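First to last, the protein sequences are chains F and Y. Sequence positions in the first sequence follow our numbering and run 363 to 613. Sequence positions in the second sequence follow our numbering and run 833 to 943.
Do not take every clue at face value.
[As the list claims (entries may be wrong)] Derived lysine to aspartate or glutamate pairs resembling DMTMM-like cross-links, with alpha carbons at most 25 Å apart:
#1 Y/Lys-911 / F/Glu-410
#2 Y/Lys-914 / F/Glu-466
#3 Y/Lys-911 / F/Glu-466
#4 Y/Lys-907 / F/Glu-393
#5 F/Lys-530 / Y/Asp-879
#6 Y/Lys-907 / F/Glu-410
#7 Y/Lys-911 / Y/Glu-849
#8 Y/Lys-914 / F/Glu-393
#9 Y/Lys-914 / F/Glu-410
#10 Y/Lys-907 / F/Glu-466
Hints were generated in silico from the structure; no laboratory data involved. Given the structure is predicted, the values throughout are model-derived calculations rather than measurements.
For reference, the chains in residue letters:
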Amino acid sequence: MSDSPAIAHGAPADAHLEHPSYLRHHFNSVEQQADTTNFAMWLFLLTEIMFFGGLFTAYLIYRNWYYPAFVAGSHQLNVVWGTLNTVVLIGSSFTMAMGVWCAETRRRRGLVLCLTLTCILGLCFLGIKTVEYREKFEMHHVPGQHYSLQSFLDPQSNPAVFAEYHDKPLALDMARHTEIYFSLYFALTGMHALHMIIGIGILVFMIFRAQAGAYTAGHVTFVENFGYYWHFVDLVWIYLFALLYLISRHQ
Amino acid sequence: MSEQAQHLESEHPVEHEHHVVNPSVYVVIFFALLVGTALTVWASFIDLGPWNPVIALAIATGKATLVVLYFMHVKYSSKLTKLTIGAGIFTFLALISMTLSDYISRAWGRW
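Please build the complete structure, drawing on both the sequences and the hints.
See below:
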């Protein structure tokens, strides 16, 4: 393995011209270039794990501290929307994986179709998230000046949630800590949604490039690495869904 | 060809060959992830006391493993990539468990 350029092999001087146009000159081979790029992508994803990991840790610690507030806060989320979004996101991961296969096997139209489906499913996810956020605004569950403790001091004021969980009223000081739950809820789902928005932007760019045949001529690294990013975003949601929606239903 | 160039040539096979994953694998993983989602939602409707979070996180970790191994091609990737990811996850878990053990073992409000 080496850091020396391809022409160092003692080959004729013009041999380095006979390589695919996408092979950069500081790599020995297409395989080495792909290895290096995938490795770099994984290093980036590891920093992303640390980033979301910090938020997850904050969530776990505060949940331990203000347990009743976090349970009551979690009861305000709708499991049906959360499940639907999980299914949508898993579907988009599947279409993305199929897109990578289309690129590898040089199917231009299949790739464009897969990328478009991934993009549409990503937008569906954000649409459902908007419905959920909208409800939080209407209920005054968004941290800040207009935050309302009513749902926690008087659970019966919200009949739909009360019918499902029969929450007891919280004491005022504990009820105040529900604001921390919703701060972390918006920080976590908001950062996740931001990753989705960036991903959708790159997807639109890739759809145009794919139509021009950019990824179906043997150079699939970009599609592959974007796929890793997209699956990573899916992976974060798998944990968010469990931590925010599911683990506090019976407490 | 000089000796050094020959040496370089012999080390070439270290490079990783690009593996194309069959679409049937993706289909199987897709359905496994859907089953996992159904399972974790179903489990959340049953009152298992302290085991609810444990089961939810165990299923989430199972789903995440499938995504990483198959959708993200780690099963077919080079040893370098596998080692790097393993080291990253280990560091992540070490940081989380050290932080949590500190918070759990302190006598809060009694100093």
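Cross-check of the supplied hints:
Proposed proximity of Y/Lys-911 and F/Glu-410 is supported: the alpha carbons are some 21 Å apart, at most 25 Å. A threshold of 25 Å between alpha carbons decides the hint, and for Y/Lys-914 with F/Glu-466 the separation of about 22 Å falls inside it, so the pair holds. Restraint check for Y/Lys-911 and F/Glu-466: satisfied, since their Cα atoms lie roughly 22 Å apart, inside the 25 Å limit. For the proposed pair Y/Lys-907 and F/Glu-393, the alpha carbon gap of about 17 Å is at most 25 Å, so the pair holds.
Taking the CA atoms of F/Lys-530 and Y/Asp-879, the gap is about 18 Å. The hint holds against a cut of 25 Å. Restraint check: the Cα-Cα separation between Y/Lys-907 and F/Glu-410 comes to about 21 Å, which is no more than 25 Å; the hinted pair holds. Taking the CA atoms of Y/Lys-911 and Y/Glu-849, the gap is about 12 Å. The hint holds against a cut of 25 Å. For the hint linking Y/Lys-914 to F/Glu-393, the alpha-carbon distance of about 17 Å falls within 25 Å, and the restraint holds.
Between Y/Lys-914 and F/Glu-410, the direct Cα distance comes to roughly 17 Å. Compliance with the 25 Å bound is thereby established for this hinted pair. This hinted pair checks out: Y/Lys-907 and F/Glu-466 have alpha carbons roughly 17 Å apart, not beyond 25 Å.
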